[in-house]
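With these hints in hand, go ahead and build the complete structure from the sequences.
Residue numbers (full-length UniProt numbering), protein chains in the order written: chain A, 1 to 714; chain B, 1 to 106; chain C, 1 to 122.
These are calculated hints, taken from the structure and not from any lab test.
Incorrect hints may have been included.
[Stated by the list, open to error] Within a straight-line C-alpha distance of at most 30 Å, the following computed DSS-like cross-link-like pairs (lysine-lysine) qualify:
(1) Lys66(C) - Lys325(A)
(2) Lys23(C) - Lys40(C)
(3) Lys91(C) - Lys40(C)
(4) Lys23(C) - Lys325(A)
(5) Lys75(C) - Lys421(A)
(6) Lys75(C) - Lys325(A)
(7) Lys23(C) - Lys3(C)
(8) Lys416(A) - Lys66(C)
(9) Lys3(C) - Lys91(C)
(10) Lys325(A) - Lys69(C)
(11) Lys501(A) - Lys449(A)
(12) Lys46(C) - Lys23(C)
(13) Lys351(A) - Lys421(A)
(14) Lys416(A) - Lys3(C)
(15) Lys69(C) - Lys23(C)
(16) Lys41(C) - Lys416(A)
(17) Lys46(C) - Lys325(A)
[To be verified] Chain A side only, calculated, beta carbon under 10 Å to chain B, not exhaustive:
(18) Leu170
(19) Ile205
(20) Glu208
(21) Gln693
Cβ coordinates follow ideal geometry from the N, Cα and C atoms, glycine included.
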Amino acid sequence: MSTEHDDPLQTFIAESRELLLQMEEALLDMESRPNDPETINAIFRAAHTIKGSAGLFGLDHIVAFTHVAESVLDRVRNNEIALDPGLGALLLQAGDHLGQLIELLAAQGSPDATVKAGGQALLEQLEAYLATAHASPATVRAEVPAAHTGQCTVDSPRWHISLRFGPDVLRHGMDPASILRYLATLGEISAIRSITDATPMLAEIDPEACYLGFEIAFASDRAATDIDGAFEFIRDDCLIHLLAPHAPLDDYRRMLEALDKDVGMRDILLALGSLSAAEVAALDAEAPTSEAAVEAEAGGSEPAENSAKETRTAENSLIRVDAGKLDQLINLVGELIIAGAGASMVARNSKLPALIEATTLVSRLVEDVRDSALTLRMVQIGATFNRFRRVVRDVAKEIGKDIALDIRGGDTELDKTVVEKIGDPLTHIVRNSMDHGIEPAEVRLARGKPATGQLRLNAFHESGSIVIEVSDDGGGLNKERILRKAIERGLIGESQVLSDKEIFNLVFEPGFSTAEQVSKLSGRGVGMDVVKRNIMALRGTVDIESVEGVGTTVRIRLPLTLAIIDGFMVGVGNAAYVLPLDMVLECIELPNNLDPRHDSANYLNLRGGVLPFIRLREQFEIDAPPPVRENIVVVQYAGQRAGLVVDRLMGEFQTVIKPLGKVFSQIRGIGGSTILGSGEVALILDIPGLVRQVTRQSQPAAAGSTETCTTGST
Amino acid sequence: MNESARSSRDITVSGELTIYTASEWRDRLIGEMAGTDDLRLQLAEVAEIDSAGLQLLLAAKRQASGEGRQLELANPSAAVRGLFDLLRLDAQLTTDALDQESESGQ
Amino acid sequence: MAKTILIVDDSASLRQVVSIALKGAGYDVIEACDGVDGLKKLDGRKIHLIISDVNMPNMDGITFVKESKQLPAYKFTPVIMLTTEAGDAKKQAGQAAGAKAWVVKPFQPAQMLTAVGKLILP
Chain A
1 MSTEHDDPLQ TFIAESRELL LQMEEALLDM ESRPNDPETI NAIFRAAHTI
51 KGSAGLFGLD HIVAFTHVAE SVLDRVRNNE IALDPGLGAL LLQAGDHLGQ
101 LIELLAAQGS PDATVKAGGQ ALLEQLEAYL ATAHASPATV RAEVPAAHTG
151 QCTVDSPRWH ISLRFGPDVL RHGMDPASIL RYLATLGEIS AIRSITDATP
201 MLAEIDPEAC YLGFEIAFAS DRAATDIDGA FEFIRDDCLI HLLAPHAPLD
251 DYRRMLEALD KDVGMRDILL ALGSLSAAEV AALDAEAPTS EAAVEAEAGG
301 SEPAENSAKE TRTAENSLIR VDAGKLDQLI NLVGELIIAG AGASMVARNS
351 KLPALIEATT LVSRLVEDVR DSALTLRMVQ IGATFNRFRR VVRDVAKEIG
401 KDIALDIRGG DTELDKTVVE KIGDPLTHIV RNSMDHGIEP AEVRLARGKP
451 ATGQLRLNAF HESGSIVIEV SDDGGGLNKE RILRKAIERG LIGESQVLSD
501 KEIFNLVFEP GFSTAEQVSK LSGRGVGMDV VKRNIMALRG TVDIESVEGV
551 GTTVRIRLPL TLAIIDGFMV GVGNAAYVLP LDMVLECIEL PNNLDPRHDS
601 ANYLNLRGGV LPFIRLREQF EIDAPPPVRE NIVVVQYAGQ RAGLVVDRLM
651 GEFQTVIKPL GKVFSQIRGI GGSTILGSGE VALILDIPGL VRQVTRQSQP
701 AAAGSTETCT TGST
Chain B
1 MNESARSSRD ITVSGELTIY TASEWRDRLI GEMAGTDDLR LQLAEVAEID
51 SAGLQLLLAA KRQASGEGRQ LELANPSAAV RGLFDLLRLD AQLTTDALDQ
101 ESESGQ
Chain C
1 MAKTILIVDD SASLRQVVSI ALKGAGYDVI EACDGVDGLK KLDGRKIHLI
51 ISDVNMPNMD GITFVKESKQ LPAYKFTPVI MLTTEAGDAK KQAGQAAGAK
101 AWVVKPFQPA QMLTAVGKLI LP
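Here it is, written out as structure tokens:
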């Protein structure tokens, strides 16, 4: 039944590729956190899922191979063997081999002798780990004791099945009728008697409890395990006696003893034909001899399954949550703050001290909830860093350099969205360092450096940002060469004087490559300009420090989260607005020689330059009269500067960005909203949009005219 | 206990008579069974029945017999018949293995 | 009216294969990729049986089963848990949550059909 259905198989292939990738990542993680149970679990889970799905497709070679790996991992999981670097490396190879098998499957090929031999070698190594662990616990199931020799057996050629359902069976979704229907597919129910004595009267019945029992004579030539299997899922809850055809009379006797509450059992057995009249008579005639010992033994062999693995480590304490849900949560908390503020206001107006106190407490808790909710999006960068272990190891081998990776600050947290997007730029920078930064061993030795190159990934928090550094102890950047190239390519003029930093940052200019020879790794495809663009898209910055002959550090600075910006708050009338702080250049007082009541959009002479400005009061049609003194906030976007006239400057604060509702999306100049601690909503200004608006308005008017009057309102 | 003179009152059980609705049906049946007359549970409209439903019928029968009333299970639907056939309950219910007083009709 | 089975597993290929087998046997099948998705599918429609994996992202099978048992419409719906041969602890957790049936991975489609049949025949 292997490949009847192409589609599921394709799904399996894609799925397995992804799982193998996860497994590899987790294995590399292990090098830095050797005993992290969650990581071990993740590796186990990947292997296990592949085995599970492969089994469904009848891909026995994959099941067989994965099974051994899984068994080894299970031992690791149970702390029976340690995941040392040797085993880690072996498991990585096992993952690669599995990848090979999957790719062969994808290409509709089958493993050739080489692949098979490789797999076999790996299996042998893996099995060595199984052999060294103590032998698997014997789980031999105590079989139904063979018929007592010399005892008389019953004549009935049929099975006798006695069932007493436990009270919870129905509640668990098990319907005795369904089980009997299934049983009927295994043979023939020759005779059946429903035991309904336990069913109470209607007034007393618990309608969801089960009171039923059945005595069944059953004709079947199926194996005992099949028939027994019908009761697989109710075994724990029910009293079941399964007596084989021609079972010893003693078995019947024992069953009757167990069911001594049920009257008329002898008659029922007789009526069903399970026992003959003579056999029923014999039941009572033969006094049970030396049964006690047998009983005790049978009782002792009752399954003690439960004790086995209960000491397994506590359930992992991590849950994976859809990021979208967290966003939703954060939004809801925002709504909650608004609603809470409304309640507080009502409370204040009501002047009921107890109510005011209660709402104050609620507001404070809601704020705590908001802060906690925001931290939920934060993840450690360590996992991203650890991916580079394999990259560095493989690349180093490929380019024939000896490079050690040093990871620091893996527990530094940042927004998940940022983490996901930083991988690619980081990869490029790392490869660049390995390729162009770190010198070949002989050069290093000649320069008096250790032959092994050092590459370091570091992360830390600094004033509301996260800083990620990629450092190498390689040759460093050659300023002259960069300048020469930049001039060659027309990136800078020949006479331009640049600081060291400016020179280094030239490598992020489009189409710049300093390497003497283009290597297969970093010299092709995306350049450092793309790296910079990606980082800027995350509202981050990147710059380079380098000392020739000593090494280079590429430093990426990113906002902790995309959901929070550093904001600058201003007030107009009763309304508060927030501007992204990084777009604010300066704040000045609006010169009072302008008449604010007549001019909507104006121009201002700012230190000899022309600054177009816009009055937020008019932009957003605010009725409140302007104060005596207004301020102007100078913002810059894409090289264009503009002024925003506001009433008050309210300072910097961190702002949680909330998307705008439909109501606001029509208003020009607004990019989002946020909620202030007071519960009030502040709108986040769309600075790019405003700057565009201002500069567009300025086009028809002659620059420099302070008297031009245009309407700024929409 | 004058057997023939009493007329039976019909109670219709319909739809789903399963673990999901068992509590509901129990309460309804208790309500509808109030009185002293003989009863006939009309089962023609039972679309679905499971062991929980069966138990309720048995309990109703037991209740009635405890009160000295007759309760007949009438016109079983295909679903009810299917379950009775599987468990060979027809014989058991009509021969009245339940009722020690042995009072019910056919 | 065919009986409806909800299968919850993060392995799309497993869902597909099981789904094909079950449909072939005459059941209706609904698929969900994890516990969260599974709960979404429990929207009031009649479901006669739930098959759920244990290890899943977003919401694991144990939590999913616990949650499903809180829904009146699915309180008594039987659950088959997909367990591992090494997963006794999980099996017990699943049973405590209300999943009294299980199938050990890896399994063949026929084994799944047998297990399902013990609870509901098509």
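Now the hints, each set against the structure:
1. Lys66(C) - Lys325(A): Between Lys66(C) and Lys325(A) the Cα gap is close to 20 Å, so the pair holds against 30 Å.
2. Lys23(C) - Lys40(C): OK: Lys23(C) and Lys40(C) at ~21 Å, within 30 Å.
3. Lys91(C) - Lys40(C): Holds: Lys91(C) and Lys40(C) sit about 24 Å apart, inside 30 Å.
4. Lys23(C) - Lys325(A): Given that 30 Å is the threshold and the Cα spacing comes to 33 Å, the pair is violated.
5. Lys75(C) - Lys421(A): At roughly 42 Å apart (the allowed maximum being 30 Å), Lys421(A) and Lys75(C) break the hint.
6. Lys75(C) - Lys325(A): Given pair Lys75(C), Lys325(A) holds - Cα atoms ~26 Å apart, limit 30 Å.
7. Lys23(C) - Lys3(C): This hinted pair holds, its Cα atoms lying about 10 Å apart.
8. Lys416(A) - Lys66(C): Answer holds: Lys416(A) to Lys66(C) is near 29 Å, not above 30 Å.
9. Lys3(C) - Lys91(C): holds, 26 Å
10. Lys325(A) - Lys69(C): Within the cut-off at roughly 23 Å; holds.
11. Lys501(A) - Lys449(A): holds, 25 Å
12. Lys46(C) - Lys23(C): At roughly 16 Å apart (the allowed maximum being 30 Å), Lys23(C) and Lys46(C) satisfy the hint.
13. Lys351(A) - Lys421(A): violated, 51 Å
14. Lys416(A) - Lys3(C): Outside the cut-off at roughly 42 Å; violated.
15. Lys69(C) - Lys23(C): Cα-Cα ~25 Å, so holds.
16. Lys41(C) - Lys416(A): Roughly 28 Å separates the two Cα atoms, so the pair holds.
17. Lys46(C) - Lys325(A): holds, 27 Å
18. Leu170: With Cβ-Cβ at 5 Å, under 10 Å, it holds.
19. Ile205: holds, 4 Å
20. Glu208: holds, 6 Å
21. Gln693: The hint is violated - Gln693(A) has no Cβ within 10 Å of chain B, the shortest such distance being about 62 Å.
Consistency note: the structure conflicts with the earlier hints numbered 4, 5, 13, 14 and 21.
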